Amino acid sequence: MSARETAVLELLMRCKNRAVSKKLVEDHIFGFSGEVASNAVEVYVHRLRKQLSEQGAHIVIHTIRGVGYLLAEAK
Amino acid sequence: MRFKSISARIIFLHVIAVVFVSIFMPLALFWLLSAETNRLHDRAMREQADAIAHHLVLGTEGDWALNLPPSLRDLYSKAYGRYAYSIVNETGHVLFSSLDENHPIFPSDAHSSELTFLETRRGEDTISGASVPKEVGDRMLWVQVAENLAHRDVLTDDIVADFFKRVGWITLPMLLLLLAIDIVIFRRALLPLLQASDQAREISPARIDVRLPVDFIPTEIRPLVSAVNEALDRLEQGFRVQRAFTADAAHELRTPLAVLRTRLDTLVDQRTSGALRQDVEAMCRVVGQLLDVAESDTFVVAQSERADLHAVCAEVAESVAPLAIAQGKEISVDAADEPVWVNGNADMLYRAVRNLVENALRHTPEGTAVEVAVKANRSVTVLDQGPGIHDDDREFLFRRFWRRDRRGAGSAGLGLSIVRRIAEAHMASIIVENRKTGGASFSLRFPRAAQTAVTGER
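Residue numbers (the working numbering), protein chains in the order written: chain A, 31 to 105; chain B, 29 to 486.
Hint data in this document are derived by calculation from the structure and do not stem from the laboratory.
Hints are supplied without guarantee of correctness; some may be wrong.
[Said to hold, decoys possible] Pairs of lysine-lysine, DSS-like flavour, derived with a Cα cap of 27 Å:
#: 1; chain 1: A; residue 1: K80; chain 2: A; residue 2: K52
#: 2; chain 1: B; residue 1: K403; chain 2: B; residue 2: K464
#: 3; chain 1: A; residue 1: K80; chain 2: A; residue 2: K46
#: 4; chain 1: B; residue 1: K464; chain 2: A; residue 2: K52
#: 5; chain 1: A; residue 1: K46; chain 2: A; residue 2: K105
#: 6; chain 1: B; residue 1: K403; chain 2: A; residue 2: K53
[What the hints assert, rightly or not] In silico negatives: residues of chain B with every beta carbon more than 12 Å from chain A:
#: 7; residue: F48
#: 8; residue: L61
#: 9; residue: G120
#: 10; residue: V122
#: 11; residue: L169
#: 12; residue: T199
#: 13; residue: V253
#: 14; residue: A278
#: 15; residue: M311
#: 16; residue: A349
#: 17; residue: I359
#: 18; residue: E399
#: 19; residue: R476
[To be verified] So the derived label-pair ranges between C-beta atoms look like this:
#: 20; chain 1: A; residue 1: L54; chain 2: B; residue 2: F244; range: 55 to 65 Å
#: 21; chain 1: B; residue 1: D421; chain 2: A; residue 2: L54; range: 22 to 32 Å
#: 22; chain 1: A; residue 1: R95; chain 2: B; residue 2: N405; range: 46 to 56 Å
#: 23; chain 1: B; residue 1: P393; chain 2: A; residue 2: R95; range: 10 to 20 Å
#: 24; chain 1: B; residue 1: N257; chain 2: A; residue 2: R95; range: 15 to 25 Å
Here the structure is a predicted model, which is why all the values come from computation and not from measurement.
Backbone N, C-alpha and C define an ideal beta-carbon position, used for all residues, glycine too.
Isolated chain B, as found in the complex:
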């Protein structure tokens, strides 16, 4: 069976182990207990044989006498029926016996020179005992003592026979408890991994410097975490090189473009130079946007940074206004007089709003207006009166280098991707809607600033 989860696998194996142990542990205990009972039995038999032998007396005419004290006689009485003895001589003749019969308890193999433990059957019952050789004077006798196991001690009987019912069951709950404890221990041991996962979730192109914490990771898993961190190091390096290239390339392109622009000014043919200048302006814009892309990619908002959305939007409108007027379009800012503070970087927010406004200006027809609305709930909405957003285009809108109309000059399709990147860095959401009156509406909604009491900044 294959498990995706380590805990599931461990619990499964543990359950198997629990089942296995809960079967075999009682069996083992039962066996040990039986062995111990038998050992005690054997010892008792030997001691009893010694005790009987102690009372054997060899008379002067070579006749034997057995003078058992009353306590012992009771022990071997037929009324009690549990123990029996018989004393046998070399010829196998029974000299004394607690039984009526005149043959030994253990008829065969009774003449060993050493102590032997023997077992025989008498009717339904099992008779178990010992045969002990005794040398009295120069004569050898064998004292046989036996216990009828059918009459075994009630206590021993109970312990052994009812072992499973009385004692054996305890193993199962104990093992289940152990299993539960193990699960808890295991979960706790995995906790640092879950924390590391949370940390890993924060790693994105914008936060490539985050690494997984190694300190609290169990040593078994640490090599994996370290390897992941090292892989991230290499990725970060590659990432930085690529970013630096974008930024450097954009930067390097600026100077030749500026030179080109000034040279165009010196051209005599005004018509050609005007057209060329437009192309150069478009290129400058793309290069500027590439720089914005490179910068916004690595940008992270500092906790303490505050920006006034109202001021940002007014600044954008101010700088875009000449372009709008030149195109026969209008721009307006709709806001209350109060500043609207958010946790953010004013320069980056300026770029985001500016890109939104430029995008809106491109799509709003001549004679209409682009409106920038700033609300106290920390939102900026840029409204145009263009054709609106086609449903099929929604998913592509924020992609780099995506343009609805690929022939459109002056736009590289980078603006909205910059907007999205900056919004992400500010944890702002972007809402794209079509207005009921026609045209599109792009909203940036910012989360509440961590500290509300911000005054006198900017």
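Extracted from the complex, chain A is given alone in its bound form:
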């Protein structure tokens, strides 16, 4: 797991059961400076989901379209 993926997961876990806006995720991992590829966050989240399911984790990252992401316990 890359440092950035870890950062995303950390943020989502800290905000567990709360929606986290995509903007906030971007700011968290890139800071306020750099140019960000528009789909960068999607890519990290996609990789995270894959790893979480591979590891058999009991948490799921939901996409709230138009808003951001939400990490919740799997049912």
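Starting from the structure of chain A, add chain B where the hints point.
Positioned in the frame of chain A, the structure of chain B alone reads:
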């Protein structure tokens, strides 16, 4: 006859007055004119009698002589035929006469000691004139002068006889003109009342502070307007008391509920406490909504307030998302990146959209999504995939405390009434539709913001 409108009544009465006056005014004028003509006639008769008497001479042997100058003689000539005179002595004997007959013009009552005006008939004609007593020396004579009215002066004749045709008609158009002017004046006088009516139309539960303008109201009607304003004052007072009560009651309920919630956490029996906690949450929601109702009732959007619908909807979705996920449902916001500015209060709009979304979440089945669509034409649409709106329910939807299913917990039936109230305050329209694919769609459409150039706010 009864009229609903004051102007109709006034115009009706005015028309009656016009008809009345247009009949009686010419009659009165005609009478006055006739009286004046007669007065002139009487004066002329007296003057003529005086003139004739002036030429009477009593001779030394007691015989009378009348030396009329030619001008006067022509006046009384039979050819002219209009005037006649006769001079009568005490015994009623005619001394001189312009007529051939040897009897006086006015045979009876001719021996008054004063000037008398007399009238008699000669064949078809009316003869009118005066008898003037004249004392010449120690003898009394009566000079009678008369005019045949059949030969009256052409001018006088025309004026009097053709009065109605030539002059009398003018009264009718004059009075009609007066009527038209009156109508205009009356309409103008009523104008402030119409303005007051417009003002009154704005008074609603949300704007109870509006009062009717008294300044330009005619003094006759001012007591009514003032009384209405005073009645509104009292209503406003009552209204405020009631609202304050709702708000206070809701507020007062919050604290005991919060205490109840914390006490539930300390219960050992987890199953019971879980169920009870759910009930308490439902109550908290209702109390919160009651507060929203009380606040939205008095809420008025300030002219300068601007809100970004996109940001409002994103915020709502963010806060509702955990609830949706917990229920196995989804929520999404469908919007362009640009902000959508409207004239409105962000906090109130948040409550409106949140209530719509919560309502949609309640009705959309597990595994489906609630979609919030924000469009650049200043509209927000909340779409669900539930059973849709039954036609019979449409009229009740926005009523307070109305619920389709009265057993449903967690909803007091206040949400949509709050939505409507906030929409009204923003002059937004609510459109409720059933989607072709199933489910309901609630749209809020906002009017164009007064100032378009809004940047850097929020």
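For each hint, the structure was consulted:
For a cut-off of 27 Å, the pair hint linking K80 (chain A) to K52 (chain A) stands: about 19 Å separates their Cα positions. Only pairs whose Cα atoms come within 27 Å are accepted, and K403 (chain B) paired with K464 (chain B) is accepted, the gap being roughly 20 Å. Between the alpha carbons of K80 (chain A) and K46 (chain A) the distance comes to roughly 19 Å, so the proposed pair stays at or under 27 Å and holds. For the given pair, K464 (chain B) sits about 32 Å from K52 (chain A) by alpha-carbon distance, which is inconsistent with the 27 Å threshold.
With a C-alpha separation of about 15 Å, the suggested pair K46 (chain A) and K105 (chain A) falls inside the 27 Å cut-off, and the hint holds. For the suggested pair K403 (chain B) and K53 (chain A), the alpha carbons sit about 21 Å apart, so the restraint of at most 27 Å is met. Every beta carbon of chain A lies more than 12 Å from that of F48 (chain B), the smallest distance being close to 79 Å; the non-interface claim holds. Distance check on L61 (chain B): its Cβ is at least 95 Å (rounded) from any Cβ of chain A, clearing the 12 Å threshold; non-interface status holds.
For G120 (chain B), the non-interface assignment is confirmed: its Cβ lies about 131 Å from the closest Cβ of chain A, beyond the 12 Å cut-off. Even its closest Cβ contact with chain A, about 130 Å, leaves V122 (chain B) beyond 12 Å, as expected for a residue assigned away from the interface. Taking the minimum C-beta to C-beta distance to chain A, about 129 Å, the non-interface status of L169 (chain B) holds against the 12 Å cut. For T199 (chain B), the shortest C-beta to C-beta distance to chain A comes to about 82 Å, beyond the 12 Å cut-off, and the non-interface label holds.
At roughly 53 Å, the least C-beta separation between V253 (chain B) and chain A is larger than 12 Å, which holds for a residue marked as non-interface. Taking the minimum C-beta to C-beta distance to chain A, about 27 Å, the non-interface status of A278 (chain B) holds against the 12 Å cut. Remark: the non-interface label on M311 (chain B) is consistent with the geometry, its nearest Cβ contact in chain A lying 22 Å away (cut-off 12 Å). At roughly 4 Å, the least C-beta separation between A349 (chain B) and chain A is not larger than 12 Å, which violates its mark as non-interface.
The non-interface label for I359 (chain B) is inconsistent with chain A: the shortest C-beta to C-beta separation is roughly 6 Å, within 12 Å. With a least beta-carbon separation of about 8 Å from chain A, E399 (chain B) fails to lie farther than 12 Å from that chain, contradicting its non-interface assignment. A cut-off of 12 Å between C-beta atoms confirms that R476 (chain B) is not in contact with chain A; the least separation is 24 Å. The hint said 55 to 65 Å for the Cβ distance between L54 (chain A) and F244 (chain B), and at roughly 58 Å that hint holds.
Between D421 (chain B) and L54 (chain A) the CB atoms are about 40 Å apart, so this pair departs from the stated range of 22 to 32 Å. Look at R95 (chain A) against N405 (chain B): about 21 Å separates their beta carbons, and that is not inside 46 to 56 Å. Remark: the range hint 10 to 20 Å for P393 (chain B) to R95 (chain A) is upheld by a beta-carbon distance near 19 Å. Remark: the range hint 15 to 25 Å for N257 (chain B) to R95 (chain A) is contradicted by a beta-carbon distance near 54 Å.
Figure legend: structure checked against the earlier numbered hints; hints not met, in rising order: 4, 16, 17, 18, 21, 22 and 24.
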